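*Asks:* Here's the letter readout for the chains.
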Amino acid sequence: MNPDPLAVTGVPRGYDLLIRHLKERAMKLGEFALAMVHDGWRAFDEGDLTAAQDVLDRAAQLDQMDEDMEHASIAFLVLRQPTAIDLRTAAALLKITTHLDRMGRLGFDMARITTSGTNGQKELAELHGLLQQMDEVVETMVRQSLDALGGDQVELARELFQRDDAVDRMHRDANRMIVESLEEHPEMAPRLASDLLVARHFERIADNACKVGEKTIYALTGQRRSEYLPRHPFRPYVLETPTNQTTRSRK
Amino acid sequence: MAPVKLVVDHLTAYYGAKPAISDISLQFPDRKVTAIIGPSGCGKSTLIRCLNRLHETQSNAHVEGQVILDNEDIYALDPVRVRRRIGMVFQKPNPFVTMSIYDNVSAAMRFNGHHSRDETDKAVIRSLQQAALWDEVKDRVDSPATSLSGGQQQRLCIARALAANPEVLLMDEPCSALDPIATSKIEELVGQLKNDYTVIIVTHNMQQAARVADFTAFLYLGKLIEFGATEDLFERPQQTLTESYITGRFG
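So the sequence lines, in the order shown, correspond to chains P and Z. The first sequence runs 1 to 251 under the numbering used here. The second sequence runs 252 to 502 under the numbering used here.
In short, the hints are calculated from the structure, not lab data. Predicted, not measured: the structure shown is a model, and the values here were computed from it. Keep in mind that a hint or two might mislead.
Negatives, chain P to chain Z, calculated, CB over 10 Å [what the hints assert, rightly or not]:
| id | residue |
| --- | --- |
| 1 | 25 |
| 2 | 35 |
| 3 | 56 |
| 4 | 74 |
| 5 | 75 |
| 6 | 81 |
| 7 | 85 |
| 8 | 86 |
| 9 | 87 |
| 10 | 109 |
| 11 | 137 |
| 12 | 144 |
| 13 | 155 |
| 14 | 180 |
| 15 | 222 |
| 16 | 225 |
Here chain P is said to cover these stretches of chain Z; the calculated rule only asks that three of the stretch's residues, wherever they fall, bring their Cβ under 8 Å from a Cβ of chain P [stated by the list, open to error]:
| id | stretch |
| --- | --- |
| 17 | 481-489 |
| 18 | 492-501 |
Using N, Cα and C, we set each Cβ at its ideal position, and we do this for glycine too.
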């Protein structure tokens with residue numbers, strides 16, 4: 001007589017321990033990447049070259065953690081041939097690893113464009129305030145994505161998409177401010193070019209946090225993004241020309 | 252969804268007064284491979300044996316419900332005619348041990364009426380080719396069937412079943428007595444056979460079901476728990492029982 005499977009579901013098994021172990025490794029990678037984002041921004045914002053170098057020195061370890069995580073996920077797939085939630089979790093972790101690695105890389109990129117001193121913050125106070133706000137929201141999103149992953153929290157993961165919309169708006173505002181500032185303070189072009197990159201990096205980090213949330217939802221429910229969050233209909237971007245006559249679209 | 256070849260409608264099969272499978276309704280798509288999985292004693296073999304009226308050949312066994320092959324209830328037809336249209340391959344290779352390879356394959360034709368030697372030769376070659384055995388035995392078709400390896404004997408049994416020109420091929424754990432090399436040949440063969448036949452395969456091996464089947468049915472304690480596209484069933488099953496079984500969370 002077969003036992004009632006409902007009565008034994010959830011009993012810890014080798015599989016569960018292995019998956020827990022995989023998740024813990026992903027969380028460590030995520031914490032490492034988050035610290036690189038945090039410290040990369042701080043170094044850039046404060047013009048602290050020593051702090052920036054410290055972030056740059058972590059790149060090799062980030063790579064190693066990414067590779068180790070990928071290896072562990074593939075080994076789990078090959079050796080355990082998982083199905084259902086176990087399969088989805090292993091597949092999701094493979095993708096999540098890539099997104100976490102990218103976040104760390106973007107922290108690295110912020111450190112890389114750090115220059116000595118905090119020149120320009122007074123003149124560009126509004127822009128500086130906006131970038132600080134982006135940092136706060138984006139770091140919160142990364143933290144939230146890790147909490148959703150580690151705590152199996154679908155709703156927490158879903159909240160990320162709303163925050164991402166806010167980051168996108170801030171990114172557009174930052175771009176506008178930078179263009180205006182370039183006209184007003186052409187002498188600050190180097191600094192503004194870096195700010196443009198940082199705003200873009202924050203926007204990308206937020207996108208990667210959303211991807212972590214998306215994969216977490218897939219692992220836990222089997223739902224793919226298009227099943228709960230229909231993609232925006234294609235909207236052609238209209239490029240303005242001096243005469244505002246010619247338009248073209250891109251994806 | 253492919254057109255339906257075989258419909259099982261509220262089928263219950265008994266041994267004495269005890270039902271081995273209860274109220275199963277299921278549709279087998281034409282020219283697709285459908286796997287039936289489930290733990291020992293769940294009724295997989297009983298179900299498949301109801302599909303060509305083998306179940307009723309056991310004492311005290313009977314069925315209720317219908318099995319409809321192309322709009323005809325097979326329980327209203329001559330059972331011999333049914334078995335001509337729905338062939339079967341068993342767990343252990345069971346060639347006619349006193350016969351040659353050629354005679355094993357041509358046996359079905361002889362039982363089904365007179366055919367010229369030329370017709371028989373052509374049918375034997377075609378069947379052995381379809382069973383992916385011809386190249387290995389073409390120089391020794393008069394050798395005893397027992398001179399073949401286990402895997403070759405199983406393919407000989409498949410050739411023998413195909414020689415009767417069936418429309419549906421039932422396979423009851425056809426690889427359970429075979430080594431991995433012979434197993435992979437049979438699995439590859441199943442993939443080819445579905446071009447011409449509707450294949451229904453009972454297997455204990457979930458990875459095998461995932462590899463060979465387009466659709467999978469999960470049985471538990473004589474009930475059909477879930478039926479669907481194999482990819483969906485193994486990636487995101489809809490029923491907790493299915494999830495518990497395929498992830499190994501039974502006991």
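*Asks:* Beyond 10 Å from chain Z, beta-carbon-wise, is residue 222(P)?
*Replies:* Given that some Cβ of chain Z is not farther than 10 Å from that of residue 222(P), nearest at about 3 Å, it is violated.
*Asks:* If I take the minimum Cβ distance from residue 180(P) to any residue of chain Z, is it greater than 10 Å?
*Replies:* 49 Å, holds
*Asks:* Confirm or reject the statement that residue 225(P) sits farther than 10 Å, beta carbon to beta carbon, from all of chain Z.
*Replies:* 14 Å, holds
*Asks:* Say whether it holds or is violated: residue 75(P) keeps its Cβ farther than 10 Å from all Cβ of chain Z.
*Replies:* At about 17 Å from chain Z, residue 75(P) clears the 10 Å cut-off, so the statement holds.
*Asks:* Verify this label for me: residue 86(P) is non-interface relative to chain Z, using a Cβ-Cβ cutoff of 10 Å.
*Replies:* Residue 86(P) is in fact no farther than 10 Å from some Cβ atom of chain Z, at 5 Å.
*Asks:* Count residues of the stretch 481-489 of chain Z with a Cβ under 8 Å from any Cβ of chain P, then say if the count reaches three.
*Replies:* Holds: 4 residues of the stretch 481-489 of chain Z have a Cβ under 8 Å from chain P.
*Asks:* So residue 81(P) supposedly isn't at the interface. Is its beta-carbon more than 10 Å from every beta-carbon in chain Z?
*Replies:* 6 Å, violated
*Asks:* Tell me whether the statement that chain P covers the stretch 492-501 of chain Z is true, taking a Cβ distance below 8 Å and needing three residues at minimum.
*Replies:* holds (count 10)
*Asks:* If we take the beta carbon of residue 137(P), is the closest beta carbon in chain Z still more than 10 Å away?
*Replies:* 32 Å, holds
*Asks:* Take a quick look at residue 144(P) and tell me if its Cβ sits farther than 10 Å from every Cβ on chain Z, holds or violated.
*Replies:* The claim holds: residue 144(P) sits with its nearest Cβ about 25 Å from chain Z, beyond 10 Å.
*Asks:* Are all beta-carbon distances from residue 35(P) to chain Z longer than 10 Å?
*Replies:* 34 Å, holds
*Asks:* Verify this label for me: residue 87(P) is non-interface relative to chain Z, using a Cβ-Cβ cutoff of 10 Å.
*Replies:* Given a closest Cβ separation of 6 Å, the condition is violated.
This entry does not satisfy hints 6, 7, 8, 9 and 15, going by the numbered hints stated previously.
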